[in-house]
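**Q** Here's the letter readout for the chains.
There are 2 protein chains.
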Amino acid sequence: PDADAMAAARELQARLTKPAGSLGALEELSVRLAGLAGTCPPPLPEPAAVAVFAGDHGVHAQGVSPWPQEVTAQMVGNFLAGGAVINAFARQAGASVTVVDVGVAAPVGGPAPAFVDAKVRAGTRDLAVEPALTRAEAVAAVETGIRVAGELVDGGARILLTGDMGIANTTPAAALIAAFTGAAAADVTGRGTGIDDATHAHKTAVVAGALARHAPDPADPVGVLAAVGGLEHAALAGFLLGAAARRVPVVVDGVIAASAALAAAALAPDAVAAMVAGHRSAEPGATVALAHLGLDPLLDLGMRLGEGTGAALALPVVAAAVRVLHEVATFDAAGVSEK
Amino acid sequence: PDADAMAAARELQARLTKPAGSLGALEELSVRLAGLAGTCPPPLPEPAAVAVFAGDHGVHAQGVSPWPQEVTAQMVGNFLAGGAVINAFARQAGASVTVVDVGVAAPVGGPAPAFVDAKVRAGTRDLAVEPALTRAEAVAAVETGIRVAGELVDGGARILLTGDMGIANTTPAAALIAAFTGAAAADVTGRGTGIDDATHAHKTAVVAGALARHAPDPADPVGVLAAVGGLEHAALAGFLLGAAARRVPVVVDGVIAASAALAAAALAPDAVAAMVAGHRSAEPGATVALAHLGLDPLLDLGMRLGEGTGAALALPVVAAAVRVLHEVATFDAAGVSEK
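Taken in sequence, the protein lines are chains D and Y. Going by this note's numbering, the first residue of the first sequence is number 1, and it counts up by one from there. Going by this note's numbering, the first residue of the second sequence is number 340, and it counts up by one from there.
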């Protein structure tokens, strides 16, 4: 982050026609984004682009989700047809939606640029019995994420939003969060799309068992992603790194993105400067991950859908924080007295 | 609220391509708005209109604010010139901004329809020594708010947003909240635009003293508004009533609007059905008031600016909640399997 730009943003906030500090979290956010861009005011974060990374999970065989695995592919179709919640939210926010197949079990496809075929393999292996991915597969997914971020920025995007789709993907997310933060499986394993107590207990045991089996080393982020991660998690880690490398802010959605953010931060700690936590997912692991990263979520609406929906809802808040620095009059210019 | 429309919204939410409940607070909000409109889906809340009611306060003479009273009139000029934070936020959200002078001490003015001259008197009397308003003055301000709401709806607005400007207006807001909820002055008196400990203690004593002097009776809402309120508070109460009468949702901004909402609810309890709490103001009285009304704020960003800024930031969340019912595909239509 550029300290001069951050200081300039703080100084400008103090001269605008409002009591100092009265915009709460938006003021510090504007300072962070100035630091990221290296200029004050930072560019307005528009247009915005959501990338939904989709993948399937071998651990689905353990019965951690009540939903059939085929729903991942069906929802990819729904995204491409514009019928999912993320499509509605993105339309409202004026954001594009790009669906990236990094590992859906079934064949999926659609026209570019809305669809990117980057399937590394047709779903991960079952992390309950073996590593989910080889290191090469994990790296390939990370590289896909980096590439997609770069292509969206090259296409004009000035802010990126993380999205994900993958039945059972909260199980690897919980394992990643436990591995990177040291938290216990019980503290980071949630109910995902909605599971009963017995399934939740079983899912927690699967996460704890995977951690015991693989003993993932947080100092080896690729190894962690390979052992207990998912292809969309790895791709999202790359997407976050790609945004940071381009100094473009990236809104982190829910628990899948938060787990990926831990991997990205482990690979490149400075990447956190580009991350804006969109919302506090109802999944407990998201809160653990964001706290570990030092990120405070903008919204807290009890959402747990994924797809990028929480990031899309937060986008106007991010834009408003920046817009203040562009458009609000100073006390001097407006002829308003100061206290 | 229309129970059939609410049931239809709940049933539709369950058929849309997302796990049940995964949109958290947005789902119940969509149900409430269906009930208000009496139809499912309820109309998309656009276009939106912000009304900023401006007034001054005799209690300013007690030294409850560090800002000079002239700032109220200066900020009205800033609103009309488009330079304030609410202007920036409203432009982003596609909302109009109407400034209503219900009681600014100095002469202010501007071209219609951005400016409405409805000055009841040039600032209230000092509630520390006498009733702030006569009953007739309070009623006139309430009627102005009702009229402005009706005119905005007649002009096409499908959602209204409350805004306020008035140096020292958190002092009458605290008194109103104490009067209507029974809370102690110390629990509802905040730091407004930012005051030091000594001024905060003095402000709290002024509020407590006014409550002791006037003994406002919550069963007589107009009497409460007259004794310890403000002209913008009374007008906002009317604005909320006017929105409810037209079955148009109205986003409640911060502590000034929340205090007015208590008055509106005391006059017509059903009016709460039209209210959406935009954000949790940093002012403690706002939280007390919203809890009393049974309203959960959508955002919690530590903001305390007023002007309608928190309502404007919440507007996309409200729109997104309704948009889901209009645009998201059902499991059947999208060919997505259910669990």
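FYI, nobody ran anything at the bench for these hints, they're computed from the structure. We put the beta carbon where it would ideally sit given N, CA and C, even for glycine. Heads up, some of the hints might be wrong.
[Unchecked claim] Derived DEER-like restraints, expressed as beta-carbon distance ranges:
#1 D/Ala184 / Y/Arg354: 34 to 42 angstroms
#2 Y/Ala523 / D/Asp270: 29 to 37 angstroms
#3 Y/Pro405 / D/Gly156: 26 to 34 angstroms
#4 D/Ala273 / Y/Ala630: 32 to 40 angstroms
#5 D/Ala273 / Y/Pro405: 16 to 24 angstroms
#6 D/Gly82 / Y/Ala461: 38 to 46 angstroms
[Said to hold, decoys possible] Some chain D residues flagged as far from chain Y (calculated, every beta-carbon gap over 12 angstroms):
#7 Ala112
#8 Ala291
#9 Ala319
#10 Thr330
#11 Ala333
[To be verified] Only part of the chain Y face toward chain D is listed, based on derived beta-carbon distances under 10 angstroms:
#12 Lys357
#13 Ala427
#14 Gly533
#15 Ala537
#16 Ala540
#17 Ala544
#18 Asp639
#19 Lys678
**Q** Next step is simple, just say for each hint if it's right about the structure.
**A** Verification of the hints:
At roughly 37 angstroms, the beta carbons of D/Ala184 and Y/Arg354 sit within the given window of 34 to 42 angstroms. Here the CB-CB span from Y/Ala523 to D/Asp270 is close to 49 angstroms, at odds with the stated 29 to 37 angstroms. For the pair Y/Pro405 and D/Gly156, the supplied restraint of 26 to 34 angstroms is violated, since their beta-carbon distance comes to about 45 angstroms. As the Cβ distance of D/Ala273 to Y/Ala630 is approximately 37 angstroms, the hint placing it in 32 to 40 angstroms holds.
Between D/Ala273 and Y/Pro405 the CB atoms are about 35 angstroms apart, so this pair departs from the stated range of 16 to 24 angstroms. Between D/Gly82 and Y/Ala461 the Cβ separation comes to about 55 angstroms, which falls outside the hinted range of 38 to 46 angstroms. With a least beta-carbon separation of about 22 angstroms from chain Y, D/Ala112 lies farther than 12 angstroms from that chain, consistent with its non-interface assignment. Non-interface call for D/Ala291 relative to chain Y: holds, since the shortest CB-CB distance, roughly 17 angstroms, exceeds 12 angstroms.
D/Ala319, annotated as away from the interface, has a beta carbon of chain Y within 12 angstroms; the closest lies near 6 angstroms. The non-interface label for D/Thr330 is inconsistent with chain Y: the shortest C-beta to C-beta separation is roughly 9 angstroms, within 12 angstroms. Under the 12 angstroms C-beta cut-off, the non-interface status given to D/Ala333 relative to chain Y is violated; the minimum distance is some 7 angstroms. The interface hint given for Y/Lys357 holds, since its Cβ lies 5 angstroms from the closest Cβ of chain D, which is under the 10 angstroms cut-off.
Annotation: Y/Ala427 was flagged as interfacial toward chain D, and the flag holds, the nearest CB pair being 4 angstroms apart, inside 10 angstroms. The restraint placing Y/Gly533 at the interface with chain D holds, with a minimum CB-CB distance near 5 angstroms, inside the 10 angstroms limit. A hinted interface residue such as Y/Ala537 counts as satisfied when its beta carbon comes closer than 10 angstroms to some beta carbon of chain D; here the least separation is about 15 angstroms, so the hint is violated. The restraint placing Y/Ala540 at the interface with chain D is violated, with a minimum CB-CB distance near 18 angstroms, outside the 10 angstroms limit.
With 10 angstroms as the threshold, the beta carbon of Y/Ala544 stays out of range of chain D, its nearest partner Cβ sitting at about 21 angstroms, so the hint is violated. A hinted interface residue such as Y/Asp639 counts as satisfied when its beta carbon comes closer than 10 angstroms to some beta carbon of chain D; here the least separation is about 6 angstroms, so the hint holds. At a threshold of 10 angstroms, the smallest CB-CB gap from Y/Lys678 to chain D is about 4 angstroms, leaving the interface hint in force.
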